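Asker: Spelled out, the chains give:
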Amino acid sequence: MSGLRGAASIAGAGTYGLGEAPGQSELEITAGAVKAALDDAGLKAADVDGVFCASMTYNMGSLTLCEYLGIAPKFSDSSMIGGSSNLAHLLTAMMAIATGQCDVALVAYGSNQRSVSGRLVSTSRPDPFESPYGPRQPITSYALAASRHMHEYGTTRAQLAEVATAARAWAAMNPDAFLREPLAIADVLNARPISDPFTVRDCCLVTDGGGAVILTSPERARDLPRPPVPVLGGAMAHWHRAITNMPDLTVTAASESGPRAYAMAGVSVEDIDLVQVYDAFTINTVVFLEDLGFCAKGEGGAFVENGAIAPGGKLVVNTNGGGLSCCHPGMYGIFPLIEAVRQLRGDCGERQQPNPEIALAHGNGGLFSSQVTLILGTDGTL
Amino acid sequence: MPADTAAPGPEQAYFDALADGRFMLQHCNACGENVFYPRALCPHCGADALVWREASGRGTVHATSVVRRRPEQGPPYNVALIDLEEGPRMMSRVETIAPEAVRIGMAVTAVIDRSGDDPVVVFHPAGGGA
Ligand SMILES: [Zn+2]
Chain A
1 MSGLRGAASI AGAGTYGLGE APGQSELEIT AGAVKAALDD AGLKAADVDG VFCASMTYNM
61 GSLTLCEYLG IAPKFSDSSM IGGSSNLAHL LTAMMAIATG QCDVALVAYG SNQRSVSGRL
121 VSTSRPDPFE SPYGPRQPIT SYALAASRHM HEYGTTRAQL AEVATAARAW AAMNPDAFLR
181 EPLAIADVLN ARPISDPFTV RDCCLVTDGG GAVILTSPER ARDLPRPPVP VLGGAMAHWH
241 RAITNMPDLT VTAASESGPR AYAMAGVSVE DIDLVQVYDA FTINTVVFLE DLGFCAKGEG
301 GAFVENGAIA PGGKLVVNTN GGGLSCCHPG MYGIFPLIEA VRQLRGDCGE RQQPNPEIAL
361 AHGNGGLFSS QVTLILGTDG TL
Chain B
1 MPADTAAPGP EQAYFDALAD GRFMLQHCNA CGENVFYPRA LCPHCGADAL VWREASGRGT
61 VHATSVVRRR PEQGPPYNVA LIDLEEGPRM MSRVETIAPE AVRIGMAVTA VIDRSGDDPV
121 VVFHPAGGGA
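Keeping their order, the protein sequence lines are chains A and B.
Heads up: the first sequence at position 8 corresponds to 8 in the working numbering, and the numbers run straight through without jumps.
Heads up: the second sequence at position 34 corresponds to 34 in the working numbering, and the numbers run straight through without jumps.
In short, the hints are calculated from the structure, not lab data.
Examples of chain A residues toward chain B, derived with CB under 8 Å: (1) Pro128; (2) Thr140; (3) Ala143; (4) Pro193; (5) Ile194; (6) Asp196; (7) Thr244.
Remember, it's a predicted structure, so these values are computed and weren't measured experimentally.
Built from N, CA and C at the ideal position, the CB exists for glycine as well.
Bound conformation, chain A alone (with noise of 0.2 Å):
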């Protein structure tokens, strides 16, 4: 797999109708995120050859697209692996550039769930040995699996509240996310309880969002108008589908497939200078910098005390705002993707990082069940 290393960098990244999109149709907002991404690329949909789209509502997403586009692919990939399809298909994107399948990959995804339905959907049939119990999913499952953590390392709720708050904080410096307003960890704790240990401030937003990225050879990518930011590493991995069937539920996939990318991109932890994990629920950023190596099993719940991964802390993590109040359009993945590129080049205004040239972009699907872990950096670092 190191031989994959640098095999393509991305050219181009845009988003659309984060937030609400009332009278968008989903593929109205893809298509919005698509055009962001192909002039931020400088590049036309003439010039798409390869087409990645997992779609909540549409099975066959990347067939669906590129007939709405006018795209003939070479090569396309609709694969479902829940919130972390986005990022897989970017590690499918890259094996299909480097062995000459495609030349410019196009990576899509768009929903507009909160205006159509204003919940998270869920399109799979249910479980017919967990639904009989009203699990509300997917936020009972992450609920459950957050129970154990604080049963067996003493997390509280006040540390799983710091998530969020940071999360927030950093919101309020992006002009796209979509709450803004201060939040206090009492704010959290003192909110609608869902499920417990979760109130609804543990819980992602529901919102419409597209997001979109291009994904080219890097000698093709430095001849385009941004700076590329070539994949340096990348790897997935799953041990099972719904939370009954976690082997241990307070260690994810993502203790394997960060260190695959990682070694792929021949980098460490202590390279990395900013990280953008899939927090659909404040239980994931504890558990991800767990099993990403940014601390140790246990840890992440004193780990994130005191603001240390919020603006100004220890650790530059969800600069967007996140899952919890950035955006959440049924599958987020995407976004924390885009965010990583942007800070890499230098995009992000307000709450820019210096000089960033590694960063890390993690995706999670099902009920901490996909796990995609991407290195990315500055084409220097290539």
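Got chain A sorted already, so can you dock chain B with the ligand onto it with the hints?
Answerer: Frame of chain A; chain B with the ligand shown alone:
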């Protein structure tokens, strides 16, 4: 119909047994592991040598949550993961005590609840105490 598809598959067989009042687990004659949820192939070794054994019903709460609703939607209820004495883990709920009184590590006993449309395995605190 070929002989090997004439009988109900393991999923249907599990629910048929439950309707008859028996909570069954699978046991793999090839590797010795116990299996839940019911499958056609053993997830530990891949063999199709799975046979049914009645569960002891003894378990321990591994994780627990309380699903909260708006008052008009009904009272809060428990959702828990139960480690069965035989090894597998299952989702269920602990009844007869307040949902927030369910504790990780609590010993529980399986009961078949027939109050709904379909029978379902739930758990009570072991010994019937509250
Ligand atoms: Zn076996």
